[in-house]
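Visitor: Given the structure of chain A, go ahead and fit chain B onto it with the hints provided.
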Amino acid sequence: MKNIRSGITFGIVGGLLTFLFGGWSVVIIGCLMGVGLGMGLGAKLERKDPVQIAISVLPTALVSGAILVLLSIYQNSFVQEAIGKHPVESTIVLYGSLLGFLGAVLFTTLLAALHGLPEKREQQWKMALLALLIVAFPFVDKLTSLRWTAQIIFALIFVILGLGLNIVVGYAGLLDLGYAAFFAIGAYTTGILSSPQHGIYMNFWLVIWIAAGMAAIWGFMLGAPTLPLRGDYLAIVTLGFGEIVPVLFKNLIDVTIKEPFTCWILPGIINLFGAKTTMACITLLEHEDLTAGEKGISPIGRPYLPFIGEFKSSDPIPWYFLIICIIILSVFIIRRLRDSRLGRSWMAIREDELAAAQMGIDPVKTKLAAFAMGATFSGFAGAFYAAYIAGIFPSVFDFSASIIILCVVILGGIGNINGVIVGGLVIMTADRLFLPALKDFLASLLTHTVLPSISNPVVQLAVKDNANPILYRFLLFGLTLVIMMAVRPEGLIPNEQVRAELHSAEEETKE
Amino acid sequence: MLELKDVHTYYGNIHALKGISLTVNDGEIVTLIGSNGAGKSTTLRTIQGLNKPRSGSVVLDGVELHKLPAHQIATLGVAQSPEGRMIFPRMTVMENLEMGAYLRKDRTTFNEELDHVFSLFPRLKERISQKGGTLSGGEQQMLAMGRALMAKPKILLLDEPSMGLAPLLVELIFDIIKKLNEEGTTILLVEQNALMALSIAHRGYVLQTGEIILSDSAKNLKNDEMVQKAYLGVE
Numbered sequence: 001m002k003n004i005r006s007g008i009t010f011g012i013v014g015g016l017l018t019f020l021f022g023g024w025s026v027v028i029i030g031c032l033m034g035v036g037l038g039m040g041l042g043a044k045l046e047r048k049d050p051v052q053i054a055i056s057v058l059p060t061a062l063v064s065g066a067i068l069v070l071l072s073i074y075q076n077s078f079v080q081e082a083i084g085k086h087p088v089e090s091t092i093v094l095y096g097s098l099l100g101f102l103g104a105v106l107f108t109t110l111l112a113a114l115h116g117l118p119e120k121r122e123q124q125w126k127m128a129l130l131a132l133l134i135v136a137f138p139f140v141d142k143l144t145s146l147r148w149t150a151q152i153i154f155a156l157i158f159v160i161l162g163l164g165l166n167i168v169v170g171y172a173g174l175l176d177l178g179y180a181a182f183f184a185i186g187a188y189t190t191g192i193l194s195s196p197q198h199g200i201y202m203n204f205w206l207v208i209w210i211a212a213g214m215a216a217i218w219g220f221m222l223g224a225p226t227l228p229l230r231g232d233y234l235a236i237v238t239l240g241f242g243e244i245v246p247v248l249f250k251n252l253i254d255v256t257i258k259e260p261f262t263c264w265i266l267p268g269i270i271n272l273f274g275a276k277t278t279m280a281c282i283t284l285l286e287h288e289d290l291t292a293g294e295k296g297i298s299p300i301g302r303p304y305l306p307f308i309g310e311f312k313s314s315d316p317i318p319w320y321f322l323i324i325c326i327i328i329l330s331v332f333i334i335r336r337l338r339d340s341r342l343g344r345s346w347m348a349i350r351e352d353e354l355a356a357a358q359m360g361i362d363p364v365k366t367k368l369a370a371f372a373m374g375a376t377f378s379g380f381a382g383a384f385y386a387a388y389i390a391g392i393f394p395s396v397f398d399f400s401a402s403i404i405i406l407c408v409v410i411l412g413g414i415g416n417i418n419g420v421i422v423g424g425l426v427i428m429t430a431d432r433l434f435l436p437a438l439k440d441f442l443a444s445l446l447t448h449t450v451l452p453s454i455s456n457p458v459v460q461l462a463v464k465d466n467a468n469p470i471l472y473r474f475l476l477f478g479l480t481l482v483i484m485m486a487v488r489p490e491g492l493i494p495n496e497q498v499r500a501e502l503h504s505a506e507e508e509t510k511e
Numbered sequence: 001m002l003e004l005k006d007v008h009t010y011y012g013n014i015h016a017l018k019g020i021s022l023t024v025n026d027g028e029i030v031t032l033i034g035s036n037g038a039g040k041s042t043t044l045r046t047i048q049g050l051n052k053p054r055s056g057s058v059v060l061d062g063v064e065l066h067k068l069p070a071h072q073i074a075t076l077g078v079a080q081s082p083e084g085r086m087i088f089p090r091m092t093v094m095e096n097l098e099m100g101a102y103l104r105k106d107r108t109t110f111n112e113e114l115d116h117v118f119s120l121f122p123r124l125k126e127r128i129s130q131k132g133g134t135l136s137g138g139e140q141q142m143l144a145m146g147r148a149l150m151a152k153p154k155i156l157l158l159d160e161p162s163m164g165l166a167p168l169l170v171e172l173i174f175d176i177i178k179k180l181n182e183e184g185t186t187i188l189l190v191e192q193n194a195l196m197a198l199s200i201a202h203r204g205y206v207l208q209t210g211e212i213i214l215s216d217s218a219k220n221l222k223n224d225e226m227v228q229k230a231y232l233g234v235e
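Respectively, the protein sequence lines represent chains A and B.
Residues in the first sequence are numbered consecutively from 1, following the numbering used here.
Residues in the second sequence are numbered consecutively from 1, following the numbering used here.
For the record, the hints were derived by calculation from the structure and aren't laboratory data.
Within a straight-line C-alpha distance of at most 25 Å, the following computed SDA-like cross-link-like pairs (lysine to any residue) qualify:
{"hint": "1", "chain 1": "A", "residue 1": "Lys365", "chain 2": "B", "residue 2": "Pro69"}
{"hint": "2", "chain 1": "B", "residue 1": "Lys67", "chain 2": "A", "residue 2": "Val364"}
{"hint": "3", "chain 1": "B", "residue 1": "Lys67", "chain 2": "A", "residue 2": "Arg230"}
{"hint": "4", "chain 1": "A", "residue 1": "Lys48", "chain 2": "A", "residue 2": "Leu117"}
{"hint": "5", "chain 1": "B", "residue 1": "Lys67", "chain 2": "A", "residue 2": "Asp362"}
{"hint": "6", "chain 1": "A", "residue 1": "Lys365", "chain 2": "B", "residue 2": "Met86"}
{"hint": "7", "chain 1": "A", "residue 1": "Lys365", "chain 2": "B", "residue 2": "Glu64"}
{"hint": "8", "chain 1": "A", "residue 1": "Lys365", "chain 2": "B", "residue 2": "Gly77"}
{"hint": "9", "chain 1": "B", "residue 1": "Lys105", "chain 2": "A", "residue 2": "Arg335"}
Each pair of labels, with its calculated beta carbon distance range:
{"hint": "10", "chain 1": "B", "residue 1": "Thr75", "chain 2": "A", "residue 2": "Ile282", "range": "44 to 50 Å"}
{"hint": "11", "chain 1": "A", "residue 1": "Ser400", "chain 2": "B", "residue 2": "Asn111", "range": "49 to 55 Å"}
{"hint": "12", "chain 1": "B", "residue 1": "Lys125", "chain 2": "A", "residue 2": "Leu130", "range": "34 to 40 Å"}
{"hint": "13", "chain 1": "B", "residue 1": "Gly184", "chain 2": "A", "residue 2": "Ala486", "range": "53 to 59 Å"}
These figures come from a predicted structure and were not determined experimentally.
Where is the CB? At the ideal position from N, CA and C, for every residue including glycine.
Next up, chain A with everything else stripped away, as it sits in the complex (with noise of 0.2 Å):
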């Protein structure tokens, strides 16, 4: 019984989502949403016969299907109406609601089911499925015109940047308020090397290492100064760094660099003497618009590859897979980071700091690696975007990035990959499909249904004005992270011990 009330649920959920949407989104909808609904069911049940299970859950995964259907089909045949839109081709709705009925009693079934294998094969087979997901989303997404894709490249930096302050943030236990700085730092590295700004034209698949390096780099010398502080401390001095990096780079637009020794010291020496001084002095940069400031730098070189030739902003397949690389790279990195004894003295580090001195482990270089390595990440991902956007402008890297960042983390589980990536995914989709498909749907349906039946013109206006839920994005995401802490602070999907940690009190009184 409980199990079709969340067969219900998810289907209203889902059905909903195809309001806004409209159009083959029934398709990816359903699948998606099988593959929530099939793990949530399959965690609850015991592990028994795969084919018993799959019965057990089968009116669950009916149930959910149809109302995601019905609602489907009641959104081509009024919603579209009410919104202005024509409703589409009787077939199109024939075929999509089909496929996403199909897909997401297949999904629910089948991922229900395989809780029913011993946990080693489990596992194996949500990889692989998840792995063929990976792999077909852009296609079907092409051949569904939804043009999603875009966005889901948008979230995809994110998760990398999630994952770069996971390090810092999860496993050494430092907060860093101004990670977005080493993101700067990344994209300018790209943008100055790579672009007409400059007239130099690196390859961008040597770009993107320097770049990452020129961010460790970075980390390296604000951790130096900065780490042997604590907490609190540490927090605020990241901030301010946070805060410079984006304002110089809007700034870096004269700059002279001359070469000290023989611009001021000689002559210096020599004017000591009361002699004049007749010395060429040697200038390394003069005038020069390093970042272009506002304005900022574009267009900015993009990768080439063999076969697929440069990659295009109309086609975000290619992109698509580069970026789902950098990510896999990145978490088999980060996993041997972890498990390694850098990682281990990262997090001694941050459950008992004078506890692991005494254990012989080197606070400060242990830090200093950690805020390294973090930025090192954050550069590939600053490399990405801005071969991506082909274009960078420093206000992108202010303050409320360092926040949606450590938002990623927060919300997704702090010190825990997989819980970073799910963090990354939902807010960003949150952000870059959701509340624009929203506002579209909003609008409309104000245009069409709602402002004509308002005879008031003053609150006509001010509901037309305040009806866009983008404006709301940082009210938005802010009251996301209250409810987060209140009712589930660990994260969508916690590390262990920080569960532990925060329900430690909870069970103690249970007792």
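Guide: Just chain B now, kept in the frame of chain A:
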């Protein structure tokens, strides 16, 4: 082996150690007794490098410890089972023990040492995958000592191992300390439970408000009138 010479340590303006001098020879159990606030823990913290002495010297086998940071002192074979235990609460017992052996890179001696710790504290083996923070007080004490032993230290500093433990457990812990010493570990033991400490130690120092007021063999200290009155509760 370990020698403190005229060590003065301050907390800000508070003069905590007013010229402590003591020696611990190879293979000894030396105990440091004294009441609350006498400076016992501060002495250990100074040896460990967590507090730096303003003057005086701490020398271990010819190396001047007071000039080194804490993590380097650990590499020289000084391990401490700290007061209040300071175990890693969110790591399992096994992970805590692994952290103790952080500086050792060879796997075989690691396993030997692990077996040794488990033979001393069979309870830890039962709790191997439990989180450190969820252990009872006695088990945490065992874990803290076990973790210190994992480093195979030259000298083991024990800070109040009996604190907050039931009498039966205190006896067990002290038996283990004695056993460790018989196996060749040099031990500097800080205790409020003077009777227990003096019964297993070879020599002892009595600390009062940052100064050493008495030093003698443990047997003589036990019979000393002043010590009996002040610390052993004999009228």
